[in-house]
Every structure is written in C-alpha cells, then in structure tokens.
Amino acid sequence: MTKAELISSVAKKTGIEKGTIAAVIEASMDSIKSTMAEGENIYLRGFGTFLIKERAEKVARNISKNTTITIPAHKIAAFKPAKEFQKVIK
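The numbering of the sequence shown is full-length UniProt numbering, which starts it at 1 and goes up by one.
Check before you lean on any hint, since a few could be wrong.
[Said to hold, decoys possible] Under the rule of at most 25 Å between Cα atoms (straight-line distance), these lysine to any residue pairs were calculated in the SDA-like manner: (1) Lys80 / Arg45; (2) Lys80 / Val10; (3) Lys87 / Ile52; (4) Lys80 / Ser34; (5) Lys53 / Glu84; (6) Lys75 / Met36; (7) Lys33 / Glu54; (8) Lys12 / Ser34; (9) Lys53 / Glu26; (10) Lys53 / Gln86; (11) Lys75 / Asn62; (12) Lys3 / Ala22; (13) Lys80 / Ser9.
Everything labelled a hint here was simulated from the structure, so no lab data went into it.
Note that the structure is a prediction, hence the values are computed from the model and not measured.
Kindly generate the complete structure, drawing on both the sequences and the hints.
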C-alpha cells in the first residue's frame with residue numbers, strides 16, 4: 001500500500017477530505033521521525049513499537065576486492081508489531 005492508497009482508504013472509512021487526511025498522516029510521520037531522531041522509541045498500544053536498535057561494530061569482507069572492511073557501530077530503525085497485530089496478520 002502506498003501513502004496515496006492509505007490516504008484514500010482512511011478518507012473512505014472516516015468521510016473526511018483527502019487533503020485533511022494527508023496533512024494528518026504527514027504530520028504523524030514527521031512526529032515519528034523527529035522523535036526517533038532524538039533517540040526515543042514510540043509505543044502505540046495495540047499496533048506496535050517503533051524502536052531504535054544499535055548495531056555493534058563488525059568486520060565484513062568485500063568479495064570483489066578480497067579485502068576486509070570494518071563497519072562502524074550504528075543505529076537502525078525497526079518496528080515490532082504488538083501481539084494483537086501479530087494475530088491479525090497470521
């Protein structure tokens with residue numbers, strides 16, 4: 001589902017204009033991004049958790065050049081669905 005399809009779906013279910021829904025979805029995504037950029041997790045009860053995971057430094061191989069490289073420690077964004085969400089998608 002694309003963002004446009006999500007906007008259309010929510011507009012149909014709520015009866016609110018697509019422009020208003022688009023603004024709400026954009027604001028929601030901006031809030032999620034800025035909160036996670038500050039290092040905080042986001043907990044949405046019944047839906048899931050947006051987490052920041054830390055990956056340790058590791059050594060990897062560049063197969064084409066046959067060399068080793070060090071990948072520095074870094075953070076990644078992840079999503080962990082709630083149990084109720086998991087039951088729906090199984």
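Here is how each hint holds up against the structure:
| no. | hint | result |
| --- | --- | --- |
| 1 | Lys80 / Arg45 | holds (11 Å) |
| 2 | Lys80 / Val10 | holds (23 Å) |
| 3 | Lys87 / Ile52 | holds (24 Å) |
| 4 | Lys80 / Ser34 | holds (19 Å) |
| 5 | Lys53 / Glu84 | holds (22 Å) |
| 6 | Lys75 / Met36 | holds (11 Å) |
| 7 | Lys33 / Glu54 | holds (17 Å) |
| 8 | Lys12 / Ser34 | violated (29 Å) |
| 9 | Lys53 / Glu26 | holds (24 Å) |
| 10 | Lys53 / Gln86 | holds (20 Å) |
| 11 | Lys75 / Asn62 | holds (22 Å) |
| 12 | Lys3 / Ala22 | holds (9 Å) |
| 13 | Lys80 / Ser9 | holds (23 Å) |
Hint 8 from the list above is the single one not met by this structure.
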